[in-house]
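Peer 1: Spelled out, the chains give:
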Amino acid sequence: MMHSLAEWFSNKRTLAAVPALCLSAAMLSVNAQGAEKPKSEVADLRYGVSLYHYYQQDYIPAITELLVADARDGIRGHGNNPELIAGGLSLAFGMQNHAEQLFTQLLQDNSRPQNVRDAAWFYLGKLQYARADWAGAASSFSRVSETFNENLSAEMHSLQINLQIKQNDLTPLSIKKVEQNKLAQWEAFALYNLGAAHARNGDMKTAKLFFNELTDLSFDGNSQSHAEYLTLQDKAHTATGYTYLQEKSYLAAIQEFRQVRLEGIESNQALLGYGWAAIAQEKYVEAIKPWQVLQQRSLLFPAAQEALLALPFAYEKLNAPGDALREYEAAEKLLSQEIHLVRDMRLTLTSGELLTLVSSKPVSSTELKELEKKNEPGTLTALITDDGQNWLKLSDTSVIKTRSIYLRELFAQNNFQSAVLDLRDLLKLQKLLADWQPKLKAYDELLQQKQAWRQQKEQQLAQHSLAQKQISMQQERDALVARIATIKANNDYIALADAQTRKRFAAVERSTNTIARMKAEGQDTLEYEERLWVSRGILLWRAAQDFPANLATLEDSLATMDSAIAKIKTSRAKIESITAGAQDLQPLFARLQQQQAQVDSQLKDLNGVIDVRAEQLRRKVDAQLAAHEQRLNRYLAQSNLAVARLYDTALRKQAK
Amino acid sequence: MFNQSVKLPLLGFILALCLGTAAQAQDAVTTAAPSSTAPTESVQKPAVTPEVENLKVSVLNLNRDLLILEEELLYPASNQVAIYLSMDLGQFFNLDAVKLEINNKLVASELYTDKQINALFRGGVQRLYVGNLKTGEHEISAYFTGRGPQQDYKRGAKLVVNKTQAPLVLELKILDSTAQLQPTFEIKEWKAE
Numbered sequence: 001m002m003h004s005l006a007e008w009f010s011n012k013r014t015l016a017a018v019p020a021l022c023l024s025a026a027m028l029s030v031n032a033q034g035a036e037k038p039k040s041e042v043a044d045l046r047y048g049v050s051l052y053h054y055y056q057q058d059y060i061p062a063i064t065e066l067l068v069a070d071a072r073d074g075i076r077g078h079g080n081n082p083e084l085i086a087g088g089l090s091l092a093f094g095m096q097n098h099a100e101q102l103f104t105q106l107l108q109d110n111s112r113p114q115n116v117r118d119a120a121w122f123y124l125g126k127l128q129y130a131r132a133d134w135a136g137a138a139s140s141f142s143r144v145s146e147t148f149n150e151n152l153s154a155e156m157h158s159l160q161i162n163l164q165i166k167q168n169d170l171t172p173l174s175i176k177k178v179e180q181n182k183l184a185q186w187e188a189f190a191l192y193n194l195g196a197a198h199a200r201n202g203d204m205k206t207a208k209l210f211f212n213e214l215t216d217l218s219f220d221g222n223s224q225s226h227a228e229y230l231t232l233q234d235k236a237h238t239a240t241g242y243t244y245l246q247e248k249s250y251l252a253a254i255q256e257f258r259q260v261r262l263e264g265i266e267s268n269q270a271l272l273g274y275g276w277a278a279i280a281q282e283k284y285v286e287a288i289k290p291w292q293v294l295q296q297r298s299l300l301f302p303a304a305q306e307a308l309l310a311l312p313f314a315y316e317k318l319n320a321p322g323d324a325l326r327e328y329e330a331a332e333k334l335l336s337q338e339i340h341l342v343r344d345m346r347l348t349l350t351s352g353e354l355l356t357l358v359s360s361k362p363v364s365s366t367e368l369k370e371l372e373k374k375n376e377p378g379t380l381t382a383l384i385t386d387d388g389q390n391w392l393k394l395s396d397t398s399v400i401k402t403r404s405i406y407l408r409e410l411f412a413q414n415n416f417q418s419a420v421l422d423l424r425d426l427l428k429l430q431k432l433l434a435d436w437q438p439k440l441k442a443y444d445e446l447l448q449q450k451q452a453w454r455q456q457k458e459q460q461l462a463q464h465s466l467a468q469k470q471i472s473m474q475q476e477r478d479a480l481v482a483r484i485a486t487i488k489a490n491n492d493y494i495a496l497a498d499a500q501t502r503k504r505f506a507a508v509e510r511s512t513n514t515i516a517r518m519k520a521e522g523q524d525t526l527e528y529e530e531r532l533w534v535s536r537g538i539l540l541w542r543a544a545q546d547f548p549a550n551l552a553t554l555e556d557s558l559a560t561m562d563s564a565i566a567k568i569k570t571s572r573a574k575i576e577s578i579t580a581g582a583q584d585l586q587p588l589f590a591r592l593q594q595q596q597a598q599v600d601s602q603l604k605d606l607n608g609v610i611d612v613r614a615e616q617l618r619r620k621v622d623a624q625l626a627a628h629e630q631r632l633n634r635y636l637a638q639s640n641l642a643v644a645r646l647y648d649t650a651l652r653k654q655a656k
Numbered sequence: 001m002f003n004q005s006v007k008l009p010l011l012g013f014i015l016a017l018c019l020g021t022a023a024q025a026q027d028a029v030t031t032a033a034p035s036s037t038a039p040t041e042s043v044q045k046p047a048v049t050p051e052v053e054n055l056k057v058s059v060l061n062l063n064r065d066l067l068i069l070e071e072e073l074l075y076p077a078s079n080q081v082a083i084y085l086s087m088d089l090g091q092f093f094n095l096d097a098v099k100l101e102i103n104n105k106l107v108a109s110e111l112y113t114d115k116q117i118n119a120l121f122r123g124g125v126q127r128l129y130v131g132n133l134k135t136g137e138h139e140i141s142a143y144f145t146g147r148g149p150q151q152d153y154k155r156g157a158k159l160v161v162n163k164t165q166a167p168l169v170l171e172l173k174i175l176d177s178t179a180q181l182q183p184t185f186e187i188k189e190w191k192a193e
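Line order of the protein sequences matches chains A and B.
Quick note on our numbering: the first sequence kicks off at 1 and runs consecutively.
Quick note on our numbering: the second sequence kicks off at 1 and runs consecutively.
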């Protein structure tokens with residue numbers, strides 16, 4: 001069962017579980033319908049991290065997260081979503097060929113669920129549509145099943161209508177057919193587009209039918225859609241009005257113009273048309289009213305510029321040459337000022353300024369409104385908005401919004417917007433690579449330090465310094481063990497006695513030898529022998545008293561030596577393990593150096609492309625301003641001629 | 001003389017402007033910042049060129065390789081610890097800030113913007129901290145401050161983990177307890193498969 005978007009959003013568990021993409025309700029429905037059961041948590045953290053960046057419109061880290069996951073073991077537990085996300089992110093980052101490859105690969109696998117295939121066909125169709133591949137887009141859309149997400153189906157049907165308009169196949173597109181398509185919010189656009197198409201074909205009667213249907217359309221939607229709807233209605237009324245004007249149905253034209261909202265952007269053209277419709281009926285006073293309103297408006301609007309000349313023209317028709325002359329002279333002054341302003345704008349607009357503008361921090365729609373209120377008309381202020389604009393939304397979102405009406409048409413063009421987005425993406429990548437440069441340098445130093453440390457340790461090992469120390473300590477320890485064993489076996493108390501006792505005992509031993517020699521020579525040594533025997537006994541008794549404590553001290557020394565030897569062994573093993581098993585630094589060095597070179601090279605390429613693109617943008621903006629300057633000059637010349645003509649007429653009258 | 005013969009070309013210009021393309025109709029409505037993709041009749045061929053796209057792809061691939069190299073250099077698998085933050089539902093808790101401590105030492109803190117909260121609420125997962133830890137036992141503590149429907153919260157969660165030679169992956173989870181109608185906070189250890 002297909003879940004509606006509202007249902008989906010009401011179920012946050014699903015959302016948290018497999019947080020599919022805001023860019024695609026279809027992708028959300030994929031999840032709801034897919035074989036996977038909704039999870040109460042992300043199954044793969046990297047997928048969640050990618051979404052975290054995506055939802056903040058940080059496309060570079062979002063894509064990179066998926067790329068890193070792919071380079072390892074991929075993302076598990078989220079079914080088809082990572083592939084759809086990757087396709088969507090590629091689209092969002094202006095990598096249309098890459099996105100197309102991903103969607104095509106996905107479609108080549110027939111085992112994918114129908115809802116996944118529908119989403120892929122839909123986005124593939126949109127890609128082809130954006131590339132003006134009308135046949136390809138029509139074919140892709142035709143393969144989307146009837147169970148596709150309702151909201152996106154409406155968008156798709158609207159695009160299909162546009163495809164038929166492109167092929168000038170208007171006959172099957174009746175108003176009834178449009179209604180049957182359930183176009184939802186796209187219906188107003190479709191009606192307008194069809195009306196405009198018929199008008200371009202010269203079929204004003206049918207065009208009016210579509211425009212009338214649009215103006216009669218009832219509206220039920222949010223306030224944002226309501227504003228769009230009202231603007232389209234204004235456009236339809238204005239277009240119908242001019243259609244009547246061409247047909248010389250002046251009253252009907254005025255009726256249409258009067259229905260355009262005075263505060264809407266279309267009102268300038270409607271006011272101008274109103275005036276001309278009145279002039280055509282020779283109702284000159286009636287023509288003056290709308291033109292006076294227009295004259296008060298900013299000269300940035302072409303209609304206001306034309307009103308500068310139209311108003312005195314009406315005065316002339318009313319036989320008021322004085323008023324006409326005053327208005328023409330005022331027009332000369334205003335037009336001269338405006339030409340000066342446009343020239344200034346052209347002189348100050350450099351590609352560097354454009355780059356600063358494009359790379360500036362995006363502003364929210366609320367901030368934008370505040371800024372627009374503060375700006376004086378005519379100030380060249382363009383802002384990057386953060387209202388979710390991306391390549392998918394290219395067709396309806398002004399990336400650069402400007403108060404400068406002169407650039408309005410240019411800024412509204414898709415190829416200009418695409419160029420701005422491209423340039424902005426390139427600038428982000430330029431910053432990304434520039435940020436890597438100092439880091440890579442630091443990593444190079446880090447690796448060098450690691451290498452130096454490792455070499456030092458390897459050298460230590462090579463010199464066997466630790467091994468020699470271990471052997472020498474082991475020999476000392478073995479000697480000590482043997483000594484203790486001997487002392488214990490012989491109960492050699494004197495061996496562990498203090499120095500004085502040992503000295504005295506040695507003296508006793510020497511005396512014993514002396515007595516033995518004296519005895520051999522026949523001397524009487526009995527007394528000496530007795531005294532010596534007592535001394536020896538006392539010394540042995542004393543030494544025997546301290547023997548256990550002294551032996552324990554000696555055995556402690558042995559334990560200390562054992563511990564020291566064990567430490568040396570551990571250190572040796574550790575160093576050997578590090579040098580034998582540690583990461584080989586040479587491949588890392590090689591990768592680092594290779595990637596450093598790649599960063600430098602790609603940064604150079606990026607800088608080159610950015611310079612070229614910025615200059616191309618500047619030329620486009622300048623050409624647009626130049627066209628406006630040319631038109632203003634034309635109006636100024638007409639004003640000059642009109643002033644001269646009126647003076648001439650006045651002089652001739654005086655002469656008569 | 002500024003007469004009808006002058007007027008008519010201008011009229012033609014304005015009519016062309018009105019009946020021109022739906023792109024211009026779109027332009028008129030863009031001032032209202034539409035919320036979703038509006039189809040237009042005359043989408044022009046985008047300015048994206050294979051040259052630019054190829055450059056984007058190669059820079060992104062290079063960035064991926066650089067990140068992998070950086071991770072290998074700075075956070076080798078045997079020492080690596082990565083800590084993530086997620087929110088499941090989040091109806092009972094509006095996150096303001098998080099502090100993360102390892103063995104009573106502050107290693108990461110974050111003050112959240114609305115954009116970040118929205119991304120978490122929609123199922124995004126934040127990589128809060130990546131660092132190195134020696135093998136053995138460690139205490140991980142996280143402190144969450146934020147607002148609930150009824151009260152402000154300042155809560156903590158602790159977990160003692162045993163770091164082995166494998167990378168340590170933890171997830172700080174903010175969950176809604178429907179039984180208690182309040183948020184709960186926990187730390188989950190992700191075991192390598």
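Note that these hints are calculated values from the structure, not bench results.
Note that the structure is a prediction, hence the values are computed from the model and not measured.
Backbone N, C-alpha and C fix where the C-beta goes; we use that ideal spot for every residue, glycine too.
Keep in mind that the hints are not guaranteed to be accurate.
A short list of chain A residues far from chain B (calculated; beta carbon distances all over 10 Å) [as the list claims (entries may be wrong)]:
{"#": "1", "residue": "His-53"}
{"#": "2", "residue": "Ser-298"}
{"#": "3", "residue": "Leu-433"}
{"#": "4", "residue": "Lys-439"}
{"#": "5", "residue": "Ala-552"}
In silico lysine-lysine, DSS-like type, Cα no more than 25 Å apart, as pairs [as the list claims (entries may be wrong)]:
{"#": "6", "chain 1": "A", "residue 1": "Lys-469", "chain 2": "A", "residue 2": "Lys-488"}
{"#": "7", "chain 1": "A", "residue 1": "Lys-569", "chain 2": "B", "residue 2": "Lys-134"}
{"#": "8", "chain 1": "A", "residue 1": "Lys-574", "chain 2": "B", "residue 2": "Lys-163"}
{"#": "9", "chain 1": "A", "residue 1": "Lys-450", "chain 2": "B", "residue 2": "Lys-154"}
{"#": "10", "chain 1": "A", "residue 1": "Lys-574", "chain 2": "B", "residue 2": "Lys-134"}
{"#": "11", "chain 1": "B", "residue 1": "Lys-115", "chain 2": "B", "residue 2": "Lys-163"}
{"#": "12", "chain 1": "A", "residue 1": "Lys-428", "chain 2": "A", "residue 2": "Lys-450"}
{"#": "13", "chain 1": "A", "residue 1": "Lys-431", "chain 2": "B", "residue 2": "Lys-163"}
{"#": "14", "chain 1": "A", "residue 1": "Lys-431", "chain 2": "A", "residue 2": "Lys-441"}
{"#": "15", "chain 1": "B", "residue 1": "Lys-115", "chain 2": "A", "residue 2": "Lys-457"}
{"#": "16", "chain 1": "B", "residue 1": "Lys-99", "chain 2": "A", "residue 2": "Lys-450"}
{"#": "17", "chain 1": "B", "residue 1": "Lys-134", "chain 2": "B", "residue 2": "Lys-105"}
{"#": "18", "chain 1": "B", "residue 1": "Lys-134", "chain 2": "A", "residue 2": "Lys-567"}
{"#": "19", "chain 1": "A", "residue 1": "Lys-317", "chain 2": "A", "residue 2": "Lys-248"}
{"#": "20", "chain 1": "A", "residue 1": "Lys-604", "chain 2": "A", "residue 2": "Lys-431"}
{"#": "21", "chain 1": "B", "residue 1": "Lys-115", "chain 2": "A", "residue 2": "Lys-428"}
Peer 1: Flag every earlier hint the structure violates by its number, smallest first.
Peer 2: 1, 3, 4, 6, 9, 11, 12, 13, 15 and 16
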